[in-house]
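Chemist: Anchor point for the sequence shown: position 387 equals 387 in the working numbering, and the numbering is continuous, going up by one each time.
To be clear, the hints were calculated from the coordinates, so they are not data collected in a lab.
All values derive from a computational prediction rather than experimental measurement.
Hints should not be assumed to be uniformly reliable.
Label pairs and their in silico Cβ distance ranges [claimed, not checked]:
1) Glu327 to Gly306: 12 to 22 angstroms
2) Glu327 to Arg7: 19 to 29 angstroms
3) Glu372 to Glu229: 36 to 46 angstroms
4) Lys73 to Asp23: 20 to 30 angstroms
5) Ala360 to Gly384: 47 to 57 angstroms
6) Glu80 to Tyr11: 30 to 40 angstroms
Capping the alpha-carbon separation at 25 angstroms, the derived lysine to any residue pairs in SDA-like fashion look like this [stated by the list, open to error]:
7) Lys354 to Ile169
8) Lys316 to Glu373
9) Lys44 to Pro64
10) Lys25 to Glu113
11) Lys348 to Glu358
12) Lys183 to Arg129
13) Lys38 to Gly230
14) Lys376 to Thr270
15) Lys25 to Met72
16) Lys44 to Ala15
17) Lys292 to Gly230
18) Lys183 to Gln18
Note that beta-carbon positions come from the ideal geometry of N, C-alpha and C, so glycine has one too.
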Amino acid sequence: MRFTLPRDIYYGENALEQLKHIDGKKAILILGGGSMKKFGFVDKVINYLQEAGIETKLFENVEPDPSVETVMKGAAAMREYEPDWIIAMGGGSPIDAAKAMWVFYEYPDLTFEDIIEPFSLPTLRQKARFIAIPSTSGTATEVTAFSVITDNEKGVKYPLADYNITPDIAIVDPELAQTMPPKLVAHTGMDALTHAIEAYVSTANSPFTDPLAIKAIQMVVEYLLDSYEGDKEARAQMHYAQCLAGMAFTNALLGIVHSMAHKTGAAFSTGHIPHGCANAIYLPYVIQFNKKNAKDRYVDIANSIGISGTDEECVKSLCNKINEINEKLGIPRTLKEFGINEQEFKEKVSKIAKLAVEDACTGSNPRPITPEEMEKLLVCTYYGYEVDF
1 MRFTLPRDIY YGENALEQLK HIDGKKAILI LGGGSMKKFG FVDKVINYLQ
51 EAGIETKLFE NVEPDPSVET VMKGAAAMRE YEPDWIIAMG GGSPIDAAKA
101 MWVFYEYPDL TFEDIIEPFS LPTLRQKARF IAIPSTSGTA TEVTAFSVIT
151 DNEKGVKYPL ADYNITPDIA IVDPELAQTM PPKLVAHTGM DALTHAIEAY
201 VSTANSPFTD PLAIKAIQMV VEYLLDSYEG DKEARAQMHY AQCLAGMAFT
251 NALLGIVHSM AHKTGAAFST GHIPHGCANA IYLPYVIQFN KKNAKDRYVD
301 IANSIGISGT DEECVKSLCN KINEINEKLG IPRTLKEFGI NEQEFKEKVS
351 KIAKLAVEDA CTGSNPRPIT PEEMEKLLVC TYYGYEVDF
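Work out the full structure: start from the sequences and follow the hints.
Modeler: The structure is reproduced here in structure tokens:
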């Protein structure tokens, strides 16, 4: 058994200032589309690093769902520049991309095929250490051992999983989260709630992950709606809550809500289903499916947020509570309501079900699932049927 987190997590107001105190010569700053520049955070980082005597180079425009091509470009830039710090700032995409760049910076001869076997990476930190600075409150990639990279040519996603790519330092500064638009607050917040709930009921849960998961659930339920409305303090608390959820799931793993979201996100021509939105839709249905094997764990969760009653009532009220939050966040209850075409859904559901069962997250789900059951479950999420099998 193993429990791994970053060596240091700096949080709270002006946590970014910590960059003034790091030792090194050169840093490469990996960024996404430009919002961090627009809001002045890039200048802040460069100035703090300058105070620390560190020279900085930028690598910008990492796209959403970062590609193999972008990763290889970034790794080449690193090999040329030779930084001793890799700093990634922004949403999940630049941080995920930078984790993969780090691997190919230190080991240029490796290929993605060499590293997709979980926990197979050679030892990192031979050339550089890693700092992650999140600007969204959901993926928690700043504290996890995971990264997802897309091969557009082959149409596949490479999920990297290795404790080596857990950042050395996470800077969880709530000021960066204040820049999120409301829809992103909603989707990332429900992603965080899903991380915490799935970690708590996962077959790999432990006494180390349980308190983190429960605390994250309590905080999301307390602060997400206010954060969505723009409350500054609530948004800061959500930034911490998602980080706690990340610490829980990087060690306890996830379940089939994520398996389903991974395989349906880009499956339909009617448009991409944002990851957090897909999680939010599927979560209540999966709880109904999993309760046969994990009822006591769901009852714990319900009790922790003030729900009481018989076990059956607690699980039902927990699902109702999630549906109620979704409704207030403007998240649809079904795939049909989201706008997925019925004919296309019927044509693709069988293949999607098979792929979802094969997803890496399925292994730690509390209740085993067959492709036939997965198909039935997806049908329930399309039409809003009760899960009674």
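Chemist: Against this structure, judge whether each hint is valid.
Modeler: So, going through the hints one by one against the coordinates:
Remark: the range hint 12 to 22 angstroms for glutamate 327 to glycine 306 is upheld by a beta-carbon distance near 19 angstroms. Checked against the hint of 19 to 29 angstroms, the C-beta distance between glutamate 327 and arginine 7 comes to roughly 41 angstroms, which is inconsistent with it. One distance hint, 36 to 46 angstroms for the beta-carbon pair glutamate 372 and glutamate 229, holds here, with the actual separation near 42 angstroms. Roughly 28 angstroms separates the CB atoms of lysine 73 and aspartate 23, a value that falls within the hinted 20 to 30 angstroms.
With their beta carbons about 28 angstroms apart, alanine 360 and glycine 384 fall outside the hinted range of 47 to 57 angstroms. Look at glutamate 80 against tyrosine 11: about 34 angstroms separates their beta carbons, and that is inside 30 to 40 angstroms. Simply put, lysine 354 and isoleucine 169 have alpha-carbon atoms about 38 angstroms apart, too far for the 25 angstroms limit, and the pair is violated. With a C-alpha separation of about 21 angstroms, the suggested pair lysine 316 and glutamate 373 falls inside the 25 angstroms cut-off, and the hint holds.
Annotation: proposed proximity of lysine 44 to proline 64 holds, straight-line Cα distance about 24 angstroms (limit 25 angstroms). The hinted pair formed by lysine 25 and glutamate 113 fails the criterion: a straight-line CA distance of about 33 angstroms is larger than 25 angstroms. For the suggested pair lysine 348 and glutamate 358, the alpha carbons sit about 16 angstroms apart, so the restraint of at most 25 angstroms is met. With a C-alpha separation of about 33 angstroms, the suggested pair lysine 183 and arginine 129 falls outside the 25 angstroms cut-off, and the hint is violated.
For the suggested pair lysine 38 and glycine 230, the alpha carbons sit about 20 angstroms apart, so the restraint of at most 25 angstroms is met. With a CA separation close to 21 angstroms, the supplied pair lysine 376 and threonine 270 stays within the 25 angstroms bound. Proximity of lysine 25 to methionine 72 is assessed by CA-CA distance (about 23 angstroms); at most 25 angstroms being required, the pair is judged to hold. Proposed proximity of lysine 44 and alanine 15 is supported: the alpha carbons are some 12 angstroms apart, at most 25 angstroms.
Among the hinted pairs, lysine 292 with glycine 230 is inconsistent with the structure: their alpha-carbon atoms are about 38 angstroms apart, more than 25 angstroms. A hinted pair counts as satisfied when its Cα atoms are at most 25 angstroms apart, and lysine 183 with glutamine 18 does not qualify at roughly 30 angstroms.
Consistency with the previously given hints fails for numbers 2, 5, 7, 10, 12, 17, 18, ordered from lowest to highest.
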